[in-house]
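Visitor: Listed here are the chains, written in short residue letters.
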Amino acid sequence: MSAPATHAHDVPQAAAAVEHGQHHPIRLYLIVWFWLFVLSACSYFVDYVGFEGFLRWSLIIVFMMLKAGLIVAVFMHMVWERLALVYAILLPPVAVLVFVAIMAIESDYTALMRTMSFVGGG
Amino acid sequence: MADTTANHATSRPRRPGIAGVAADWASDQRAFKTASWGKAMMWIFLLSDTFIFGCFLLAYMTARMSTVVPWPDASKVFGLQIGGSDVPLILIAIMTFVLISSSGTMAMAVNCAYQRRRGATVVLMLFTALMGATFVGMQAFEWTKLISEGVRPWGNPFGAAQFGATFFMITGFHGTHVTIGVIFLLIVARKVWRGEYDRGDRGFFTSRRGDYEQVEIMGLYWHFVDLVWVFIFAFFYLW
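Residue numbers (the UniProt record's numbering), protein chains in the order written: chain A, 1 to 122; chain B, 1 to 239.
Worth flagging that the hints you see were computed from the coordinates, not collected in a lab. A couple of the hints might just be wrong.
Distance condition first, Cα-Cα at most 20 Å in a straight line; then the derived EDC-like pairs of lysine to aspartate or glutamate [stated by the list, open to error]:
| id | chain 1 | residue 1 | chain 2 | residue 2 |
| --- | --- | --- | --- | --- |
| 1 | B | 76 | B | 24 |
| 2 | B | 145 | B | 86 |
| 3 | B | 76 | A | 106 |
| 4 | B | 33 | B | 49 |
| 5 | B | 33 | A | 52 |
| 6 | B | 76 | B | 142 |
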């Protein structure tokens with residue numbers, strides 16, 4: 001870290017080259033913050049209004065992914081990191097999704113067995 | 001940090017025994033060119049935490065999909081009576097907004113830290129910690145309410161018995177993360193306040209020289225806690 005204070009607005013390129021630190025305009029954070037509020041309000045609204053079925057689930061997933069994406073990309077600075085780090089962090093969670101698929105099949109089977117074998121009091 | 005992350009020549013003599021093994025693993029390569037050691041390690045820790053929370057939510061999905069007893073309606077269970085009318089999920093909604101607000105102030109704190117605005121950084125971090133503590137407080141209230149209504153890890157009056165176990169496990173683990181985050185926010189804020197990152201003082205735990213990047217690394221952890229809540233809110237409370 002160089003000794004004199006380097007302001008992001010003065011020399012963003014130079015600062016980024018010299019330091020590892022992330023320098024971005026405050027305005028960007030405020031915009032993302034605003035959208036996180038809006039998206040949270042939207043997902044609460046889904047419950048408040050009482051949407052059901054496919055509409056409910058798809059809206060919940062969409063708002064959730066948008067919020068998660070904004071937090072990781074901007075607040076956690078992932079869009080400005082090098083691809084080596086981005087891949088190292090964001091690809092392994094795909095294994096969790098595979099696990100989800102496996103366990104969804106498995107729990108469907110378990111539910112079927114319970115319904116068939118313990119009808120009316122399992 | 002250059003001394004621990006630079007590429008060394010391979011011709012250097014290898015030290016004997018376990019010290020040589022450690023030296024070989026520690027210093028030969030640097031994969032993450034622009035991310036410092038501290039930031040890369042925080043990301044890898046967060047990745048491992050992702051697997052932990054992923055498995056909790058996965059277990060919850062498995063329990064909920066395979067039970068033949070109806071799952072309790074979260075909208076009603078977590079609703080509150082305000083002014084004589086039932087408002088669904090209101091406490092959880094407030095908790096969500098508090099945590100998102102704290103994420104915003106943390107992002108601003110990181111920004112101020114890189115501009116060497118110590119006062120603003122400390123105030124923003126203290127605000128973040130305050131909102132984190134508020135979140136944990138509301139969670140304690142929620143736990144108290146549910147326990148007094150008879151929710152236990154082995155059963156509850158609303159429906160499927162697994163509801164209590166998954167609820168206490170998932171929100172408890174998340175609340176622990178928030179609590180630890182608040183403690184570390186206060187520690188880092190104190191270091192900023194005392195100007196330890198300006199002087200590059202050595203940390204009490206790792207003995208490494210600190211700099212303002214540690215505020216950003218602290219921020220990564222805090223945003224992750226918020227990120228996990230996004231998934232818990234969607235899957236456990238709204239689904």
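Visitor: Next step is simple, just say for each hint if it's right about the structure.
Guide: Status of the hints after comparison with the structure:
no.	hint	in the structure
1	B:76 <-> B:24	violated, 57 Å
2	B:145 <-> B:86	holds, 15 Å
3	B:76 <-> A:106	violated, 29 Å
4	B:33 <-> B:49	violated, 24 Å
5	B:33 <-> A:52	violated, 48 Å
6	B:76 <-> B:142	holds, 13 Å
Hints 1, 3, 4, 5 from the list above are not met by this structure, while the remaining hints are.
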